[in-house]
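Protein chains in written order, with our numbering: chain P, 1 to 77; chain E, 1 to 824.
What the hints contain is simulated information worked out from the structure, not anything from laboratory work.
Treat the hints loosely; a few may be bogus.
Said to hold, decoys possible - Dumping the calculated DSSO-like pairs for lysine-lysine here, alpha-carbon to alpha-carbon at most 30 Å:
1) E/Lys814 / P/Lys60
2) E/Lys712 / P/Lys60
3) E/Lys624 / E/Lys712
4) E/Lys160 / P/Lys60
5) E/Lys103 / E/Lys3
To be verified - Cβ-Cβ distance ranges computed for the label pairs, FRET-style:
6) E/Ala154 / P/Pro54: 21 to 29 Å
7) P/Glu47 / E/Gly536: 50 to 58 Å
8) E/Pro112 / P/Pro54: 41 to 49 Å
9) E/Asp228 / P/Pro54: 45 to 53 Å
10) P/Glu47 / E/Lys66: 43 to 51 Å
11) E/Arg118 / P/Pro54: 21 to 29 Å
12) P/Glu47 / E/Pro539: 20 to 28 Å
13) P/Glu47 / E/Glu622: 25 to 33 Å
14) E/Val315 / P/Pro54: 37 to 45 Å
15) P/Glu47 / E/Tyr543: 53 to 61 Å
16) E/Arg221 / P/Glu47: 36 to 44 Å
Quick reminder that beta carbons are idealized off the backbone N, C-alpha and C, glycines included.
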Amino acid sequence: MACQIASLCDTRLMDDTREDKEANVSVAGRVLAQFVGALAEDKDLVEVAARLKPVLLDGKTITEAALRQALLGEPGT
Amino acid sequence: MIKVESIRIQEFRGIRDLTVGLASKNYAVCGPNGTGKSGIVDALEFGLTGNISRLSGKGRGDLSVKEHGPHVSIRTKPEKAIVTLVVSIPSLSKTATIVRNIKTSRAPVITPNTPDIRAAFDYVEQHPEFALSRREIIKYVLTEPGERAKELQALLQLDKLETTRALLLKISNACTRELKPLDSARVSSSENLMRALGITELQQASLLAAVNAQRAILDLRPLGKIEDSTSIRDGLETQDAVVSVKVPKAQAKKDIAAATDALSAIVSIDAMQARAAALVTLQNLKDNEARLTDVTRDAMLKAALEFFDEQQCPVCQTPWKPDEFRAVVTAQRKLLEEAAREREEAEKVLSPLIDNLETLPELLSPLASYARNLPSPIDPEALNAMSQEVSRRARIARTFLPLDDTINVLERDITETKAAENLLVQLAAAVEALPEASARDAARDYLTVGQERLEAWRQAVLKHAAAKRKAELAEQVYTVYGDTCDKALEDIYKDVEAEFRALYRTINKDDESTFEAQLTPSLGKLGFEVDFYGKGFFPPGAYHSEGHQDGMGLCLYLALMKHLLGGRFTFAVLDDVLMSVDAGHRREVCSLLKTAFPNTQFVLTTHDNVWLNHMRSSKLLESKSAITFRKWHVDHGPSEWKDIDVWEEIDNFIVLNEIRAAASQLRHYLEYVAAEWSDRLGGRVEYRGDGRYELGDLLPAAIGAMNDLYKKAKAAAQSWGDKARVDELGTLHDAFSGAVGATYIERWQINPAIHYNEWANLRREDFAPVVAAYKELEHLFGCPACGDPLYVVRTGMGKEAVRCACSKVNLNLKVRLKEATLGR
Numbered sequence: 001m002a003c004q005i006a007s008l009c010d011t012r013l014m015d016d017t018r019e020d021k022e023a024n025v026s027v028a029g030r031v032l033a034q035f036v037g038a039l040a041e042d043k044d045l046v047e048v049a050a051r052l053k054p055v056l057l058d059g060k061t062i063t064e065a066a067l068r069q070a071l072l073g074e075p076g077t
Numbered sequence: 001m002i003k004v005e006s007i008r009i010q011e012f013r014g015i016r017d018l019t020v021g022l023a024s025k026n027y028a029v030c031g032p033n034g035t036g037k038s039g040i041v042d043a044l045e046f047g048l049t050g051n052i053s054r055l056s057g058k059g060r061g062d063l064s065v066k067e068h069g070p071h072v073s074i075r076t077k078p079e080k081a082i083v084t085l086v087v088s089i090p091s092l093s094k095t096a097t098i099v100r101n102i103k104t105s106r107a108p109v110i111t112p113n114t115p116d117i118r119a120a121f122d123y124v125e126q127h128p129e130f131a132l133s134r135r136e137i138i139k140y141v142l143t144e145p146g147e148r149a150k151e152l153q154a155l156l157q158l159d160k161l162e163t164t165r166a167l168l169l170k171i172s173n174a175c176t177r178e179l180k181p182l183d184s185a186r187v188s189s190s191e192n193l194m195r196a197l198g199i200t201e202l203q204q205a206s207l208l209a210a211v212n213a214q215r216a217i218l219d220l221r222p223l224g225k226i227e228d229s230t231s232i233r234d235g236l237e238t239q240d241a242v243v244s245v246k247v248p249k250a251q252a253k254k255d256i257a258a259a260t261d262a263l264s265a266i267v268s269i270d271a272m273q274a275r276a277a278a279l280v281t282l283q284n285l286k287d288n289e290a291r292l293t294d295v296t297r298d299a300m301l302k303a304a305l306e307f308f309d310e311q312q313c314p315v316c317q318t319p320w321k322p323d324e325f326r327a328v329v330t331a332q333r334k335l336l337e338e339a340a341r342e343r344e345e346a347e348k349v350l351s352p353l354i355d356n357l358e359t360l361p362e363l364l365s366p367l368a369s370y371a372r373n374l375p376s377p378i379d380p381e382a383l384n385a386m387s388q389e390v391s392r393r394a395r396i397a398r399t400f401l402p403l404d405d406t407i408n409v410l411e412r413d414i415t416e417t418k419a420a421e422n423l424l425v426q427l428a429a430a431v432e433a434l435p436e437a438s439a440r441d442a443a444r445d446y447l448t449v450g451q452e453r454l455e456a457w458r459q460a461v462l463k464h465a466a467a468k469r470k471a472e473l474a475e476q477v478y479t480v481y482g483d484t485c486d487k488a489l490e491d492i493y494k495d496v497e498a499e500f501r502a503l504y505r506t507i508n509k510d511d512e513s514t515f516e517a518q519l520t521p522s523l524g525k526l527g528f529e530v531d532f533y534g535k536g537f538f539p540p541g542a543y544h545s546e547g548h549q550d551g552m553g554l555c556l557y558l559a560l561m562k563h564l565l566g567g568r569f570t571f572a573v574l575d576d577v578l579m580s581v582d583a584g585h586r587r588e589v590c591s592l593l594k595t596a597f598p599n600t601q602f603v604l605t606t607h608d609n610v611w612l613n614h615m616r617s618s619k620l621l622e623s624k625s626a627i628t629f630r631k632w633h634v635d636h637g638p639s640e641w642k643d644i645d646v647w648e649e650i651d652n653f654i655v656l657n658e659i660r661a662a663a664s665q666l667r668h669y670l671e672y673v674a675a676e677w678s679d680r681l682g683g684r685v686e687y688r689g690d691g692r693y694e695l696g697d698l699l700p701a702a703i704g705a706m707n708d709l710y711k712k713a714k715a716a717a718q719s720w721g722d723k724a725r726v727d728e729l730g731t732l733h734d735a736f737s738g739a740v741g742a743t744y745i746e747r748w749q750i751n752p753a754i755h756y757n758e759w760a761n762l763r764r765e766d767f768a769p770v771v772a773a774y775k776e777l778e779h780l781f782g783c784p785a786c787g788d789p790l791y792v793v794r795t796g797m798g799k800e801a802v803r804c805a806c807s808k809v810n811l812n813l814k815v816r817l818k819e820a821t822l823g824r
């Protein structure tokens, strides 16, 4: 559990001291990373955060199917 | 991000073939309107993004990049319209080339085509906001709050956040909807279980009592408790003569009785009266059915009020007076609110009838199985037909609208009822005729059917619980998302606001050094108010001049870009964005761009040659970092004025005998340089309330300042006993006075009322000496070695020396202390 939280918090670029890295991420990306980080702070939502992280932060278009699958932990079709 | 080394433009927009070397430095494109400046801006945008925003998007009508991007002479050959850019990529310390033609605009040729370089070009393509025109700059400042929120969110590329928000809400709503049928199934399965076990409540104690009574008949050990995996028929398999019964008589009788009751409930007198009452209610609603349909539009009307910009309906753009618009929409919402209440009342009346209809298929389902498994099977079709019909009617009634459909299903008797009733009677008789089970067989059937229904109930409970968890989870995640996003956006706007305030103060430090601004996000809008000299906060267009508004637009854009790109803000095209900024603030704008964004390459377009010179003198541009267009021809494109300074430009006008143009340019230029000289030398200009200083104000002040400085320099040299220096200064002063005197041969420049008339009358030979005199005067305001204008070095309140950039000129103004003391 602790490792997952640490891994998720690493994506919270507002806390990242490397300015270049922060600048390379879009504003929306930064906000989404904050969201994933906020989920990860709730122990009941750590797994949800881990599943949502790649869907929201990989820069691809976010689809309803992918989001639902990640949010609810439903198997992919 | 990138910087542009050079651009070649071929057969593109109004340009036939033009190469511009920008050298990854700030660069200006200057020329009168219609000479081809925008062609370069369009080419930069097209080369880097494949798009020309001037020809695409909202409000562009029939314009398209494909059809109108190529030069008009080759519009059927878009493959010949080519833009080639050589760029430097600071983060990679590499250079690369991108070639794009209009025919295959989405497939540029990149060299070298390596992943890191492709990524750099992809990044630029994703940020077309690097190009900014005045039309765009003003929209951030003067647009309505709702529109501004959209514009700024688009610039900051926040649409992904809204998409995610909408998807999370959709998923949350879907999860809640999916819960309802599972809840019904859970209730239904619990009723089936209780009926099978002959109990009235699903409690551990009552269930155990009923089950253990039957198990006792079969000599099975009593169950101590019922857990998730407990089988109430545990041990039954080990008993002799355990055979599965196809139709458990006792259970079948109970099920037939329940189904008969349910069927009767549908056709009972009570049900008939309830149907009649519901029909009256629905008929009463018929007159207002349109409003009932519109109930779903309430959310839209609510949004319309939120997005109303005090001028136009946000949906159809019809102009409205604010009070009238709000009154109309509020009245509509009130009607809808009333309609929603009426619908809710009607649905309450309908609900028990629909419940009855929905219950029946669940009860008829096992009966069909019994009918098929009897020793003499019975065709269950009548039951199936009844199930289908009541399910159809329940679905229509739940949907509610259109009312005619719901009224129809209530008005019409269910013709399948009679056949179903007959079949139930027939089935009851057949079941009754089955041999009576022994007590042990009955107990065995009880436990077998009970276990089946217990399992079905467990499954229903599990499915419902899982769905409920999902619904709660989806709602919780949506709430966290909303809170996080709202807070993040608020923080973003606060950061942008602070950056904007700092930038604007920098360019207006003379009169608005304590300027404040407020960006206030609220319900999809973004309010923007600015402080007006401490008199309160107002919309930017309320009291600030157009020039100040231009400055605000630029500062807001720069603040947003800094926030959006951070260290990657290395390139921006400012297309005539500062046309209204007055001369007094241009210096500060140049200084801001140069000092606050030292790593950003700005490409600036202007039709104002003086503005260009200002950019040069402020060192925003290097002397060669500009291209000046003189004119444009449809067949040849823009004509460039290479390496021609203002004096050559004026000389050219004289050669062409365009004296009016030459005089205009001279005056324009002299106003600029005289202001510059006065500023550098401390010239005193009589205050003008309107702040519009003209040549007659500025030039005498500059000349007066220079004369005073020569006098001071001579006095200082005298005090030091440096006779040679005194003589040298005397010679310089005489030369300066002579040059000033030469300019007096035509006094036209002093009085604008006179000189405008004089222009029309001046001939080439009359005007050439005027130009020569001022050219010489300009020389004497500058250093003979480096050409830079002279400036005063100050210490505290005193003037210490007159110097130039290369220090070749150094006129000491400080007198010997003793002399100075005696002088007092």
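Verification of the supplied hints:
1. Between E/Lys814 and P/Lys60 the CA atoms are separated by roughly 69 Å; this puts the pair beyond 30 Å, and the hint is violated.
2. Only pairs whose Cα atoms come within 30 Å are accepted, and E/Lys712 paired with P/Lys60 is rejected, the gap being roughly 71 Å.
3. Distance check on the hinted pair: E/Lys624 and E/Lys712 sit about 37 Å apart at the alpha-carbon level, beyond 30 Å; violated.
4. Of the supplied pair hints, the one linking E/Lys160 and P/Lys60 holds, its CA atoms being roughly 10 Å apart against a limit of 30 Å.
5. Taken as a hint, the E/Lys103 and E/Lys3 pair is honoured in the structure, with Cα atoms around 25 Å apart against an allowance of 30 Å.
6. The hint said 21 to 29 Å for the Cβ distance between E/Ala154 and P/Pro54, and at roughly 26 Å that hint holds.
7. A beta carbon spacing of about 52 Å between P/Glu47 and E/Gly536 agrees with the range 50 to 58 Å that was offered as a hint.
8. For the hinted restraint 41 to 49 Å between E/Pro112 and P/Pro54, the CB-CB distance of approximately 31 Å leaves it violated.
9. Between E/Asp228 and P/Pro54 the beta carbon distance is about 35 Å. The supplied range of 45 to 53 Å is therefore violated.
10. Look at P/Glu47 against E/Lys66: about 49 Å separates their beta carbons, and that is inside 43 to 51 Å.
11. Here the CB-CB span from E/Arg118 to P/Pro54 is close to 22 Å, well matched to the stated 21 to 29 Å.
12. At roughly 48 Å, the beta carbons of P/Glu47 and E/Pro539 sit outside the given window of 20 to 28 Å.
13. The given range of 25 to 33 Å is broken by P/Glu47 and E/Glu622, whose C-beta atoms sit roughly 58 Å from each other.
14. Distance hint check for E/Val315 and P/Pro54: the Cβ-Cβ separation is about 38 Å, which falls inside the suggested range of 37 to 45 Å.
15. The hint said 53 to 61 Å for the Cβ distance between P/Glu47 and E/Tyr543, and at roughly 55 Å that hint holds.
16. For the pair E/Arg221 and P/Glu47, the supplied restraint of 36 to 44 Å holds, since their beta-carbon distance comes to about 42 Å.
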